[in-house]
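Asks: Can you build the whole structure from these sequences, using the hints too?
Sequence order for the protein chains is A and B.
If you count the first sequence from 1, position 57 lands on 57 in the numbering used here, and the numbers rise without skipping.
If you count the second sequence from 1, position 67 lands on 67 in the numbering used here, and the numbers rise without skipping.
Think of the hints as simulated: they come from the structure by calculation, not from any bench.
It cannot be assumed that every hint is accurate.
[Said to hold, decoys possible] Which chain A residues face chain B? A few, computed with CB under 8 Å, are given here:
#1 Lys190
#2 Thr307
#3 Glu309
[Claimed, not checked] Each pair of labels, with its calculated beta carbon distance range:
#4 A:Arg2 / B:Pro11: 33 to 43 Å
#5 B:Ala73 / A:Val8: 41 to 51 Å
#6 A:Pro3 / B:Ala240: 49 to 59 Å
All C-beta atoms in this analysis are idealised placements derived from N, C-alpha and C, irrespective of residue type, glycine included.
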Amino acid sequence: MRPVDTLVIAVQAIGRNKLRSFLTALGIIIGVASVVVMVHLGRSATRAVTEEIASIGSNLLFVMPGTSQRGPGGLRIPAEPFELADAEAIEREVPGVVVAPSLSRSATVVYGNANESVSVEGTTNAYFEVRNHPLAYGRPFEPAEVRSGAAVCIIGQTLVDDMYLDATPLGSTLRVGRTACRVVGVLSAKGTSMGQDRDRTVLMPIKTVQRRLAGELDVNVMYVSALVDGTTPRVQDDIEALLRQRRRIAPGAEDDFNVRDTQDVADALERTTNTLTVLLGAIAAVSLLVGGIGIMNIMLVSVTERTREIGIRLAIGARTADVLTQFLVESVVLSTIGGIIGLAIGMSATWLATAQLDLPFVLSPGTMALGFGFSVFIGVLFGFIPARKAAHLNPIDALRHE
Amino acid sequence: MSSHARPAAEPAPVILEMAGIFKIYGSGAAEVRALDGVDLAIRAGEFVAVMGPSGSGKSTCMNILGCLDVPTAGSYRFHGVDVSALHRDELALLRRHYMGFVFQSFNLLPRVHALGNVELPLVYQGVRPAARRARALAALEAVHLGDRAGAVPSQLSGGQQQRVAIARALVTEPSLLLADEPTGNLDTATAGDIMSLLESLRRERRITIVMVTHEPDIAAHAERVLQFVDGRLVRDGPPA
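Replies: Next up, the structure:
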């Protein structure tokens, strides 16, 4: 028997029952599409994170409170937050650094009829240098405004675009939460990253946020910039030593805070996205498996329905291998068609999703090949048992089958 | 098997030879002897009818002759080769190249047109599509259905379907045609047509026909009748 004839017979059998064939392949379509989407989106997110971190710069350290074992019975509880005094101490005692303490709260800002929900970040003038985010125009905070916690703010470009239309924001009064603030400056535009608009922000002196928005004297995070390249590890050690001393951590006890450089953060984020990718990919793979079981189910039904046909073929001179290949090819063709459609749908969905989420569109030929190859493999795997059943029918019994 | 002219007096060679064939199902008290020691020889070109009540073993005998089944004991020589212990794939190859089958219920592939049905044995022989088509059309014309090549079985009458089945059985030019109650589902007039067709094809192609039937009228078309009772061959001679 010529292989092309086997293929023709399989394709004809699939075409004879189009709806059923489509529904059978649907399991594979959904499986392959979800594998492709999940893995691609995961890769895109990882790429976005890495690019993002790289743009922040390499001399930046994040100092954040961690967890401590000082809870009842040694349970982990969130550690004490920092205070402004900690930031001042670092700046005073660690040479060659600039420190920007920060406390964020989300709040609604209102100007005229327009209102926006934004993240309000309380900080100092060091922020512009440390976060590499200079003013576009206007002025920074006056030292007196920082000391006293005056009601002044510096706003991001999105707020200017959305709320001020043609008016100039400088000198206007913006209501932030319940506080009326004078706008003294506008930040340069940073654009969007990872689906987040970085220009949708309001900066205020940290004391203003502490007193008027948060109602507490905490500092969430301290951004520390090492002024000299290559001193970051030394600075990191110095900060750790200083903070252990200030927070009275006994020698040998673990830190209840984290000092991370951007690489640490990038690594942590990448680990997270990778874990998510693997997890979602695994879930998608399970759906592919379910699709394979669907194929096996329908092929078993089909073999029973076509018992007489198989009997005729055997009587006419089909060998075990002829019948086996015929049904195997049928299920492989089904799953391959499903794989191709799933691939197309998966790529389109990925493209749409990355466009919507503003992620880079990362094409991964490996994932595509894997998804496609896996669908063919599923066709062989789950087609084998039904095909074997068909091939080993007794011709006499098969011919008598009603 | 040679095609050169031989003297009319010389008998045709024996192509089917059964010796001490048993087919036993079950064991002990539940043992059923479908065939209970059958000896049989059929010469090339014979037209043999196999008769007997149901359960007499005639179908089992037919299945073994057609290499669809293997005997429990005994030897069956087909063209001088003992095939009683061959693997099912080897039996399939014998059927593919030497045998044609016609069944009571026609057994055509339901959604395949007549031409496709007739082509099927050639597909398994690996014949190329063009040659396949030409040979299948010729076979359909031989059964006077050349104009119905594109019809699917449901569009054909019972007699026409059986003629398609005969074309399918003969398209490989087999040496043996096995017919299992070929007229069982047909009315008397159509049955007569089918029998005349079989007879004329046999004369033209010098093919051996073994036919199971329980109708004496149909068996009368054969030149030799085998009567089975309880798994034994009880009568072997010309039609009564």
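Asks: Can you list which hints this structure breaks, lowest number first?
Replies: 1, 2
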